[in-house]
Every structure is written in structure tokens, then in C-alpha cells.
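Just so you know, the sequences run in chain order U and L. Going by this note's numbering, 61 is the number at position 49 of the first sequence; the sequence numbering is gapless. Going by this note's numbering, 333 is the number at position 29 of the second sequence; the sequence numbering is gapless.
Hints were generated in silico from the structure; no laboratory data involved. Among the clues, some could well be false.
[Unchecked claim] Below 25 Å or equal to it, Euclidean Cα-Cα: the simulated DSS-like pairs (lysine-lysine) are:
#: 1; chain 1: U; residue 1: K165; chain 2: L; residue 2: K383
#: 2; chain 1: U; residue 1: K115; chain 2: L; residue 2: K336
#: 3; chain 1: L; residue 1: K383; chain 2: U; residue 2: K74
#: 4; chain 1: L; residue 1: K424; chain 2: U; residue 2: K166
#: 5; chain 1: L; residue 1: K381; chain 2: U; residue 2: K51
#: 6; chain 1: U; residue 1: K71; chain 2: L; residue 2: K365
#: 7; chain 1: U; residue 1: K166; chain 2: L; residue 2: K309
#: 8; chain 1: L; residue 1: K336; chain 2: U; residue 2: K162
[Unchecked claim] Stretch-level coverage of chain L by chain U, calculated; a stretch enters the list once three of its residues show a Cβ under 8 Å from a Cβ in chain U:
#: 9; stretch: 336 to 348
#: 10; stretch: 352 to 360
#: 11; stretch: 382 to 389
We treat Cβ as the ideally placed atom computed from N, Cα and C, and that holds for glycine.
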Amino acid sequence: MRIKFIPLFFLIIFLAIFFVFYKGLQISNIYTPKDNYEKNIPSFNTKIFGTDNKINSEKIFKDEKYYLLNIWASWCVPCRDEHPFLINLSTYKNIEIIGLNYKDDNYNAQKFLKEFNSPYELILFDVDGTIAIEWGAYGVPESFLIYNNKIIKKIIGPLDKNSLDEIKRIIK
Amino acid sequence: MRYHKYFIIILFIFNFSLSYAQEKDLNNKITKNLRCLICQGQSVYDSDSEFANSLKILVKKKLNDGLNEKQIYDYLKNKYGNWILYDPVFDKNTYFLWLLPILMFIVVGAIIFRIFILKKN
Chain U
13 MRIKFIPLFF LIIFLAIFFV FYKGLQISNI YTPKDNYEKN IPSFNTKIFG TDNKINSEKI
73 FKDEKYYLLN IWASWCVPCR DEHPFLINLS TYKNIEIIGL NYKDDNYNAQ KFLKEFNSPY
133 ELILFDVDGT IAIEWGAYGV PESFLIYNNK IIKKIIGPLD KNSLDEIKRI IK
Chain L
305 MRYHKYFIII LFIFNFSLSY AQEKDLNNKI TKNLRCLICQ GQSVYDSDSE FANSLKILVK
365 KKLNDGLNEK QIYDYLKNKY GNWILYDPVF DKNTYFLWLL PILMFIVVGA IIFRIFILKK
425 N
């Protein structure tokens, strides 16, 4: 009885380990922070792009309407792909697009806006990337849909047709 | 008396660099325990990505603002989730992870005790 029990025990252990590893192999091990949550917007002071004037975040998102904060940079290639979608969204009256220029060179950023047009009502400047971290972002581009001082949706990576349709559905 | 003066000055200078070193040590300790979300497998301390460089600056700023190590971890956990920490916290998702080695130690210890020590006696 004892002799039979030991191989069975090892077989069960082996199968359990095999099952865990087999399942584990199929799961992606690239982590992305959750995007389906509601969070208060961070409070920060920053420079307005192209000027020396500073502004507090509480003065930016004060109205009761939708805002889209878009983190962008002239050196970021996916930002060029999402730009037409932002231009499209800027034609809607009930949403205001705020840009956050991330670790960029002023001259290059101005050139970028001249070339592709600006969808932004206001552009903030993030010189060392710390404001993007305050927002919980970890790369460019990222966008945050804001209503009533709360982040209601976060889009990691460039906007595409699907995310644009979803935003339009929410702000209707 | 003259030597006393020099001694105090030297002591002052050494103290100053010591406190700076401690601050830098803490900064390094924190950034070594943070996972870079761009190059996942490297700590923020080791990584040279834009995100990691910004996070290093932020940790320095938060330390200057008077936040302690735990407060900085909590702040980042709130933004990015538990994954950002290399040292997983003890909660309902990690009971198994933390307790399994202890459990295995006890079980295997008991088996060894039974086989070798009790048999000998």
C-alpha cells in the first residue's frame, strides 16, 4: 500500500506543477497598469508651453465638461499616427483637449504643431517627465478622459478608431 | 585651542557628506526596489528609459519633500499597482507566495526528522 502511494503522490505533484507552468506559459508577462478605474486628477503646477507662465491644474479642469489630457512629444512616432484622430475630436464642442508636451524640445514641438495643426486648447510643458508620473502614465502617447475632476478613462498608446468612437459615445 | 577649531570644521564637513551619502543610499534603495514598466525585468535604478529617468527624479523630489520610503511606495502603488514593487506586499493575493517556503520547510523538516532521527533512535 505504502509503495503504491508514493509514486501516486509524485505523479499528482508533477501534474499540478505541469498544469501551473502550462497555464503560465499562455499568460502574457507584460504588465500594463489597469485602465478601467475612476481616480481623482492629480494637483500640480507647471509651465504653459512656449511661455514662462505657470498654471495650477485646478484652474485647468474647473468646468463641468469633458476634458481629454493627451501626453505627446514631437519625437514620438505613434503620436503622429494618433494626431488625425485628435484633430477630428477637436471639432466636437463638448470636449476640450489639453496637451501635455513630454520631455520635448520647444523648437521641434512648435514645428510638429505647425506641420500637423494643433488640436489643443492649451498645452502644458512637462520638462522632466514627473507630471506624466503624477498622472500614472509611463510612456507616450497616453490619453486621459476627465469629467468632474475625475479620470473616467485612460487610453495607453495611440488613439485609434475604436477608442475615438468610445470617447465620442461617452461625451455624447 | 586652534586645533579644536580645525577639528570642529573637519567634523562638520564629514557629517555633511555622511548625511548626503545616507540620502543617496535611500534613493538608490528605493529605485532598486521599483520595477521599470518599459523594460520589465530591470529595476528603475538599472534602467535608462525615459520613464525610469523621470521616476528617479520624482523619487528624489519626494524625498526632498520629506516623504519616507513607505510613503513613496504607497504613492507609486496607488498610481501603477503592486507590480511596480519588486518586494511583493503580504496580502490575500500573496499569502501562498510568502507562506509556501515556510510550509515546505516545516513539511520537509518533519519528513527528514521522521526518517533520519526517529529511525536512528
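Each hint, compared with the structure:
Between the alpha carbons of K165 (chain U) and K383 (chain L) the distance comes to roughly 14 Å, so the proposed pair stays at or under 25 Å and holds. Taking the CA atoms of K115 (chain U) and K336 (chain L), the gap is near 23 Å; set against the 25 Å cutoff, the hint holds. Among the hinted pairs, K383 (chain L) with K74 (chain U) is consistent with the structure: their alpha-carbon atoms are about 22 Å apart, no more than 25 Å. A C-alpha spacing of about 66 Å is found between K424 (chain L) and K166 (chain U), which places the hinted pair above 25 Å, so the restraint is violated.
Of the supplied pair hints, the one linking K381 (chain L) and K51 (chain U) holds, its CA atoms being roughly 13 Å apart against a limit of 25 Å. This hinted pair checks out: K71 (chain U) and K365 (chain L) have alpha carbons roughly 24 Å apart, not beyond 25 Å. With a C-alpha separation of about 61 Å, the suggested pair K166 (chain U) and K309 (chain L) falls outside the 25 Å cut-off, and the hint is violated. Restraint check for K336 (chain L) and K162 (chain U): not satisfied, since their Cα atoms lie roughly 32 Å apart, outside the 25 Å limit.
By the rule of at least three residues with a Cβ nearer than 8 Å to a Cβ of chain U, the coverage given for the stretch 336 to 348 of chain L holds, with 3 such residues. For a cut-off of 8 Å, the count of residues in the stretch 352 to 360 of chain L with a CB near a CB of chain U stands at 5, and the three-residue condition holds. With 4 residues carrying a beta carbon less than 8 Å from a beta carbon of chain U, the stretch 382 to 389 of chain L meets the three-residue requirement, and the given coverage holds.
Comparing the model with each earlier hint shows violations of hints 4, 7 and 8; every other hint is respected.
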